[in-house]
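> Sequence:
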Amino acid sequence: MSSTTATAPAAPAPRVDGLAFAPPNLALTTFGLALASFMQLLDTTIANVSLPAISGDLGGSANQATWVITSFAVSTAIALPLTGWLARRFGERKLFMFSTLAFVVASFLCGLAHSMGFLVAARALQGFVAGPMYPVTQALLLSIYPPAKRGQAIALLAMVTVVAPIAGPILGGWITDNYSWEWIFFINIPLGIFASLVVGAQLKGRPEKLEKPKMDYVGLTTLVLGVGALQIMLDLGNDEDWFHSPLIVALAIVAVISLAVFIIWELTDKDPIVDLRLFRHRNFAAGTAAMVMAYSAFFAVGLLVPLWLQRTLGYTALWAGYASAPFGLLPLILAPLIGKYAHKFDLRMLATFAFIVMAATSFMRSHFNLDVDFEHVAYVQLLQGLGAAFFFMPILQMLLSDLEPHEISAGSGLMTFVRTLGGSFAASLTTYAWSQRTAVHHAQLTEHIGATDPAMLETVARHGGGDLQRGAFVLDQMISRQALQIGFNEIFHLLGIIFLCVIVFVWMAKPPFNAKPGAPPGGGH
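Reading the sequence shown from the start, the letters are residues 897 to 1421 in the numbering used here.
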């Protein structure tokens, strides 16, 4: 099995398992690992605002262009839970280098794409090799830091997790407007090569125990079928009108049967490709439940706010990005402080504070109206960033606290996998709920409008400058905006309640949340 280790930057202390390693330059190694994760997470959102330009250049429809996003998400979701098996087979250092360099190659192919089909295929490859990058980065970071400073490593990774997806649309929009969409992929080439070479050189000689686990073909096949069908169903559900579509019904059947077989097989197989038995650890189970539930709500916020700014308030994609951007400011500033001093507090208290703040900002948005200004939107985003700053690091440290050293890569990959699926569910459900509630409120707002009411006809004529048809269109647009706003407010009221409910899972975890006595520091506690 892969055995991660950790030491201080000075001479390595003896390890109980005989494995000791410190990179020549801890800061440079940390930077290389963080840069790779930033690049990978950036690419989850950087193409979102560039889809119109991509479809225009490559001659694809808007629906075809969305597969640029979907193919990446599906492939990443499939690859994530395989991280533990791959780390056992090839070692964490080699897996990191291969994944990062393969990501560079896939990015280069994306930039060279001459057709929509080629781009979608290249994005699928990019997503698959990106899957192990975040979990193995987390395992490597934990292995090179001593227990007393491990919180700082997790806080750094948490900051990257928050900031990179926010920066993606802003950077993607700027690059597309000022250069061309190909460069949103080409910028990965120098970053990935640098990160891979630096980390490979710094961690050369790092001891790892490798295995040759058998290939679990049943587990792999059911995983690919189940996760692939589920992810495609979630991405296409809204466009296909959900279960009114034979395609969605077929995908749902494939997903349910495949995932049911997958879970049963993995729990009973002697050498599963995905170790679901990790949920036997109390803190891992409770922390993962809290992470998935909170991240789903967090993801819904990040999705709905820019959409609302554009659809309801008429912002451009770039200005919607600017209004959302303050969210990343406080995590960027506070991450080093939280990492340094968090161990002095009960991590459950820090996480509780985070979710209270995020609930409060959701309730604030539930009172927004059509006259809300840019400054107020940005202020609430900034305040939510305070909650996000205290969210990821405590939860990550809690859920990793009772895993064995050799389980870190597998546990991180499994957690990231279910977290990613949670985000996909949140994206589909919230956008569907918003459209449904908008339709309901539109009907309610128009049911008392009478076509023969003289006062109403006068109002319609006034809005249309004397033209009844134009006035009716303008009035309908006004009602639609009000209906969108009411639906938005309702969803954020529900999201506020969800953030408060997460606190229950946080307090199911039990301290200590640091390294076990006598355990190798590579355990990620």
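You may find that some hints are simply not true.
No farther apart than 20 angstroms at their CA atoms in a straight line, the calculated lysine to aspartate or glutamate pairs in the EDC-like style are these [what the hints assert, rightly or not]:
id, residue 1, residue 2
1, Lys1406, Glu1300
2, Lys1166, Glu1107
3, Lys1105, Asp1167
4, Lys1045, Asp1372
5, Lys1108, Asp1167
6, Lys1110, Asp1073
7, Lys990, Asp1165
8, Lys1045, Asp1165
9, Lys1166, Glu1271
10, Lys1108, Asp1073
11, Lys1105, Glu1300
12, Lys1406, Asp1242
13, Lys1166, Asp1242
14, Lys1110, Asp1167
15, Lys1108, Asp1165
16, Lys1110, Glu1078
Source of the hints: derived by calculation from the structure; they are not laboratory data.
In this text, all values refer to a predicted model and were calculated from it rather than measured experimentally.
> Give a verdict on every hint.
Status of the hints after comparison with the structure:
no.	hint	verdict
1	Lys1406 x Glu1300	holds, 16 angstroms
2	Lys1166 x Glu1107	holds, 15 angstroms
3	Lys1105 x Asp1167	holds, 17 angstroms
4	Lys1045 x Asp1372	violated, 58 angstroms
5	Lys1108 x Asp1167	holds, 11 angstroms
6	Lys1110 x Asp1073	violated, 49 angstroms
7	Lys990 x Asp1165	violated, 27 angstroms
8	Lys1045 x Asp1165	violated, 37 angstroms
9	Lys1166 x Glu1271	violated, 57 angstroms
10	Lys1108 x Asp1073	violated, 49 angstroms
11	Lys1105 x Glu1300	holds, 14 angstroms
12	Lys1406 x Asp1242	holds, 10 angstroms
13	Lys1166 x Asp1242	violated, 37 angstroms
14	Lys1110 x Asp1167	holds, 7 angstroms
15	Lys1108 x Asp1165	holds, 16 angstroms
16	Lys1110 x Glu1078	violated, 40 angstroms
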